[in-house]
Amino acid sequence: MNGKKILFVSSELVPYLPENEVSLMSYEAPRMVNSNGGQIRIFMPRYGNINERRHQLHEVIRLSGMNLVINDMDMPLIIKVASIPKERIQVYFIDNEEYFKRKATFTDKQGNLFPDNDQRAIFFAKGVMETVKKLNWSPDIIHVHGWMASLLPLYLKKYYADEPLFGDSKIVLSVYGKTFEGALDKDMIKRISFDGIPEEEIASLGEPTYNNLLKVAVDYSDAVILASEDIPEELESHITNQEKPVLPYVPVQEFEEAYANFYNTEVLK
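In UniProt numbering, the protein residues as written are 1 to 269.
Derived from the structure by calculation, the hints contain no laboratory data.
Source: prediction; values computed, not measured.
It is possible that some hints are incorrect.
Dumping the calculated EDC-like pairs for lysine to aspartate or glutamate here, alpha-carbon to alpha-carbon at most 20 Å [as the list claims (entries may be wrong)]: (1) K133 / D168; (2) K186 / D108; (3) K80 / E97; (4) K109 / E130; (5) K134 / D116; (6) K103 / E59; (7) K80 / D108; (8) K103 / D116; (9) K101 / D140; (10) K244 / D222; (11) K244 / E201; (12) K215 / E233; (13) K5 / E28; (14) K186 / E163; (15) K134 / D74; (16) K157 / D219; (17) K4 / D108; (18) K158 / E199; (19) K178 / D219; (20) K215 / E199; (21) K158 / E200; (22) K103 / E130; (23) K158 / D219; (24) K269 / D168; (25) K157 / E199; (26) K5 / E256; (27) K215 / D230; (28) K178 / E233; (29) K186 / E201; (30) K215 / E243; (31) K158 / E130; (32) K4 / E257; (33) K133 / E163; (34) K215 / E181; (35) K5 / D230.
Now the in silico label distances, taken between C-beta atoms and shown as ranges [what the hints assert, rightly or not]: (36) P248 / V60: 20 to 26 Å; (37) P164 / P76: 22 to 28 Å; (38) P198 / L165: 20 to 26 Å.
Quick reminder that beta carbons are idealized off the backbone N, C-alpha and C, glycines included.
Produce the entire structure from the sequences given, and follow the hints as far as they go.
Okay, here's the thing in structure tokens:
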């Protein structure tokens, strides 16, 4: 991994959120690349239940201040950073008062999905790309974890298709077990098509379930990692039907060599 630039984009990350498959691997994969001489950047949403004081988040004024258009509304983008001290790893947080101030991640106290989760996912994808453009940092690999980050492959290949900074970037998608029931807002497909992405190219998002979100993410990724043992059968068969490199499930205790080899021999070949 020496000298390779890898952008990690994740829905969740320890130590900022509780440990689960997504948040743990979103920490372990960058740590592995960092310790093997790679250059990394990590992005995640700044949910309101992240303790800013404890984790010493602070705003980066030079990166904040732009507005992102979501469904014809101007939404201010705020960028914050923090460091994971023992690893000397810096994390960038995508923030917006409207989308991320509430003291929860994806659902309310009754366990219902937030009705604007689709807009939050669009804002997160655009926010990451716009911030990386400001950093003028051209990644060799963009590694996506978790459903809140799942629109990034689509936006990179369609909305940012002419952006030279990402011209040679390869997208790796880690697919995890099903993490929400039901569906996001039915108008999600219209909000994405507002950005000039034809509805017929994302037809499955007419019903934005977990499986359909991840299917679209698979379609626009260059390689896939099966990051759970219990991938939904419908999703696994969709992945199998794609002619893309796929890394089978590897337990977290054994992932380092497998991921490094996959990056080097399958993704960057």
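How the hints compare with the structure:
Distance restraint check for K133 and D168: the Cα-Cα separation of roughly 14 Å lies within the 20 Å cut-off, and the hinted pair is therefore satisfied. Using a Cα cut-off of 20 Å, the hinted pair K186 and D108 holds, with the two alpha carbons roughly 19 Å apart. For the hint linking K80 to E97, the alpha-carbon distance of about 13 Å falls within 20 Å, and the restraint holds. Proximity of K109 to E130 is assessed by CA-CA distance (about 32 Å); at most 20 Å being required, the pair is judged violated.
With a CA separation close to 27 Å, the supplied pair K134 and D116 exceeds the 20 Å bound. For the suggested pair K103 and E59, the alpha carbons sit about 19 Å apart, so the restraint of at most 20 Å is met. Of the pairs offered as hints, the one joining K80 and D108 is violated, with about 24 Å between alpha carbons and a cut-off of 20 Å exceeded. Restraint check for K103 and D116: satisfied, since their Cα atoms lie roughly 15 Å apart, inside the 20 Å limit.
The straight-line distance between the Cα atoms of K101 and D140 is roughly 32 Å, outside the 20 Å bound, and the hint therefore fails. The hinted pair formed by K244 and D222 meets the criterion: a straight-line CA distance of about 6 Å does not exceed 20 Å. Annotation: proposed proximity of K244 to E201 holds, straight-line Cα distance about 19 Å (limit 20 Å). A threshold of 20 Å between alpha carbons decides the hint, and for K215 with E233 the separation of about 12 Å falls inside it, so the pair holds.
With a C-alpha separation of about 16 Å, the suggested pair K5 and E28 falls inside the 20 Å cut-off, and the hint holds. Among the hinted pairs, K186 with E163 is inconsistent with the structure: their alpha-carbon atoms are about 30 Å apart, more than 20 Å. Among the hinted pairs, K134 with D74 is consistent with the structure: their alpha-carbon atoms are about 19 Å apart, no more than 20 Å. At most 20 Å may separate the alpha-carbon atoms for a hinted pair to count; K157 and D219 meet this at roughly 10 Å.
Note on K4 and D108: the hinted pairing is violated, with a Cα-Cα distance of about 40 Å set against a maximum of 20 Å. Between K158 and E199, the direct Cα distance comes to roughly 12 Å. Compliance with the 20 Å bound is thereby established for this hinted pair. Among the hinted pairs, K178 with D219 is consistent with the structure: their alpha-carbon atoms are about 18 Å apart, no more than 20 Å. The straight-line distance between the Cα atoms of K215 and E199 is roughly 15 Å, inside the 20 Å bound, and the hint therefore holds.
In summary, the hint linking K158 to E200 is supported, as the alpha carbons are separated by about 13 Å, within the 20 Å threshold. The straight-line distance between the Cα atoms of K103 and E130 is roughly 25 Å, outside the 20 Å bound, and the hint therefore fails. In summary, the hint linking K158 to D219 is supported, as the alpha carbons are separated by about 12 Å, within the 20 Å threshold. Taken as a hint, the K269 and D168 pair is honoured in the structure, with Cα atoms around 12 Å apart against an allowance of 20 Å.
About 15 Å separates the Cα atoms of K157 and E199, which keeps this hinted pair within 20 Å; it holds. For the given pair, K5 sits about 17 Å from E256 by alpha-carbon distance, which is consistent with the 20 Å threshold. Among the hinted pairs, K215 with D230 is consistent with the structure: their alpha-carbon atoms are about 16 Å apart, no more than 20 Å. Of the pairs offered as hints, the one joining K178 and E233 holds, with about 10 Å between alpha carbons and a cut-off of 20 Å not exceeded.
Using a Cα cut-off of 20 Å, the hinted pair K186 and E201 holds, with the two alpha carbons roughly 16 Å apart. For the suggested pair K215 and E243, the alpha carbons sit about 14 Å apart, so the restraint of at most 20 Å is met. About 14 Å separates the Cα atoms of K158 and E130, which keeps this hinted pair within 20 Å; it holds. Pair hint K4 plus E257 holds up; C-alpha atoms about 16 Å apart against a cutoff of 20 Å.
Between K133 and E163 the CA atoms are separated by roughly 9 Å; this keeps the pair inside 20 Å, and the hint holds. Distance restraint check for K215 and E181: the Cα-Cα separation of roughly 16 Å lies within the 20 Å cut-off, and the hinted pair is therefore satisfied. Only pairs whose Cα atoms come within 20 Å are accepted, and K5 paired with D230 is rejected, the gap being roughly 30 Å. Distance hint check for P248 and V60: the Cβ-Cβ separation is about 38 Å, which falls outside the suggested range of 20 to 26 Å.
Between P164 and P76 the C-beta distance comes to about 27 Å, which sits within the given range of 22 to 28 Å. At about 24 Å, the CB distance of P198 to L165 agrees with the hint of 20 to 26 Å.
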